[in-house]
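Protein chains: 2
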Amino acid sequence: MIFPPTSLPLSGNRFTVIYRLAGADELDVRAKIKGICLEQTVELPEELLPDGDIRAEVVGYLESLQHLEANYFEAAISYAIETSGFELPQLLNVMFGNTSMQPYIRVERLELPASLLQAFKGPRFGRVGLRKLVNGPARPLLCTALKPMGLPVKDLAHLAYQFALGGIDLIKDDHGLANQPFHPFHERVRRCAAAVNEANQKSGYHCLYVPNITAPTQQIVERAFFAKEAGAGGVMLIPGLVGLDMLRLLAEDDNFGLPVISHPAYWGSYVTHPWQGVSHEVTYGQLPRLAGADATIFVNYGGRFSFSREDCQRIIKGTEDLLGQLKPIFPIPGGGMTLARLPEMLQFYGREVIFLIAGGLYAQGPDLVENCRQFRALVDQKGDGGSAG
Amino acid sequence: MIFPPTSLPLSGNRFTVIYRLAGADELDVRAKIKGICLEQTVELPEELLPDGDIRAEVVGYLESLQHLEANYFEAAISYAIETSGFELPQLLNVMFGNTSMQPYIRVERLELPASLLQAFKGPRFGRVGLRKLVNGPARPLLCTALKPMGLPVKDLAHLAYQFALGGIDLIKDDHGLANQPFHPFHERVRRCAAAVNEANQKSGYHCLYVPNITAPTQQIVERAFFAKEAGAGGVMLIPGLVGLDMLRLLAEDDNFGLPVISHPAYWGSYVTHPWQGVSHEVTYGQLPRLAGADATIFVNYGGRFSFSREDCQRIIKGTEDLLGQLKPIFPIPGGGMTLARLPEMLQFYGREVIFLIAGGLYAQGPDLVENCRQFRALVDQKGDGGSAG
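If you read the protein sequences in the order shown, they are chains Y and V.
Here my numbering is used: the first residue of the first sequence is 1, the next is one more, and so on.
Here my numbering is used: the first residue of the second sequence is 1001, the next is one more, and so on.
Just so you know, not all the hints are guaranteed correct.
Said to hold, decoys possible - Covered stretches of chain V (in silico footprint by chain Y; criterion: 3 or more residues with CB under 8 Å from a CB of chain Y, positions within the stretch not fixed):
1. 1068-1079
2. 1143-1156
3. 1194-1208
4. 1254-1261
5. 1319-1333
What the hints assert, rightly or not - Derived, one-sided and incomplete: chain V residues facing chain Y with beta-carbon distance under 8 Å:
6. ALA1215
7. VAL1242
8. LEU1339
9. ALA1340
10. PRO1343
11. GLU1344
12. LEU1346
Quick caveat, the hints were computed from the structure, so don't treat them as lab data.
Every residue gets a Cβ at the ideal spot worked out from N, C-alpha and C, and that includes glycine.
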């Protein structure tokens, strides 16, 4: 025996990952599940494991197994909360680290007990808090984006001014605006924040400018604080590019204290195959919320991307289903949306949503302020109006 | 016209992304390509773009298109180097940010000009440097892992001692060892590093202990420096969990200055579908190298994972093909390997490789030191021996 028997200080509390997986039959699937239980924890064949708590508690348990259709099954596997070390990267590692390299296994949903969730502060604002910031207690909120990449700063700032004046609640940088020589971050943020705040003075609205602070690692926090100093109302980060835990770091920072919005780029490969990767609900719902995002951008059904209505419903579920003490966050569907589609989107999403229309708003007519007023009028009918002043 | 014509300070230098994509026919594929050229840069329909440099230079160009087989095509699309802002996260964003959310498009390869590569320091050691550190100028190098999760620190340290004594070159933490209560990071690293260095004193070998420093964002650099102080010979990071740019930050830090090894966890979903995501060559070859990893772990063909021989060959290609001034790095195939398979693996990989055998080394026989000596003897035949003392 290589290893002596072990006795570990474990609480007995476990978290559960719901996986979907394919197999020739139930026997085959049970073998794959045993593989997951070992791979995600001890990474040794069962016969090599020491007796005691490692074998009995550290290895994942199969809690339930269900036949879905044809060769597909759904398995609930639980892990001791201590395997996560109460750290977000390691929680994702146990959930799907090495198993991400196996085909036809998909993480469908996370079920986290209070004993684990208490390690995470979660969203600072969430839906209720964001609504207060923009003075929109009940209606759907409105978002647009500054673009295109390459537009000089003064023109981006002028766009921001018009959007704010027209009644948009959140103006984000397009996610491709970083720190390029043609619109360097600091100058852009200073001028766009000033333009939005000037428009707010005039309109009485409470529009937030939300710059993209995705950057080299050592500059992200600096850019966030610079944005705050410059008068930005929040920041946007792409966790697929800089790590989900970076979002958590910012969201939990009491000295920072602004809303943080999650952008979906580079994470699409987790969701594009229906039986592989990590589900829409987890990738764009549960994970950003767990990290503390106040809102999560994703691509709407029926636009220029391939998400289905059901995919979008599952993301919404991830933003609002009970998750311990963690606040519900806003879904932000976008990507190829137009004002013409808004009535249908209102029906689908209801009030608990931030609509992101960018290209469609630019294309609506030559007067951007007027375009925004039309956008606003369409949602004001739906709620409290959040009237100016 | 919403936007005035633009004139931008662009160098004219471009980088190229090779994509593979599916379409009903060439016409359909060309429409998709136009979509990528816009999506990855300006994110607006072409008709809305301002005249001048944005339309002419910022939007991606189709450089070449090739029919591969059936409905599959390969397209080379170039982008102005300035779109990357000379920052790694934004480079990935232009490469595949939003397009990751489109099915049946895969990033196959990156072609980066010197004008862009000069923004990256790349690997500090690379193959030649790592060989010097472990005194193995020509033979394949050997790696194993400390496991299982849950094993008390004193037992992990004893394992490390035996592996080092037996002639392993790099002993990494298993990637699931983080900062769990049963083997907290600082105590584990202190004791394992001491054990390896004690064994080195005795054996005359130059074994490196390589702890896993994947952690909450604000602790990663601290853990790296703690490991260095404690006598570790390198560190391992999981960029799929904490962002590729975090690896770059560490690798470029002259005050740190130890080898950095990239672990493949959580990035598997990019590669598991042959026509979606980001290729093995890019994900596990080009990207870690670009960030400055000295070696890249991936799962070997024929083990308990699904990578093929060709997938592994493509990763090797990514580790060594000309990439400006960036040093070639070591491929580290692992995952279900055994000593019995080593002769075949030697034939496949040659000398420019680090073999990772963990479970298979534990299972080889009751005497771990002896198991390591067998492992070492198998590769010493192949090269310089790097003899003790």
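>> Of all the hints numbered above, which does this structure not satisfy? Sort the numbers upward.
In response: The structure conflicts with hints 1, 3, 4, 5, 8, 9, 10, 11, 12, although it agrees with all the remaining ones.
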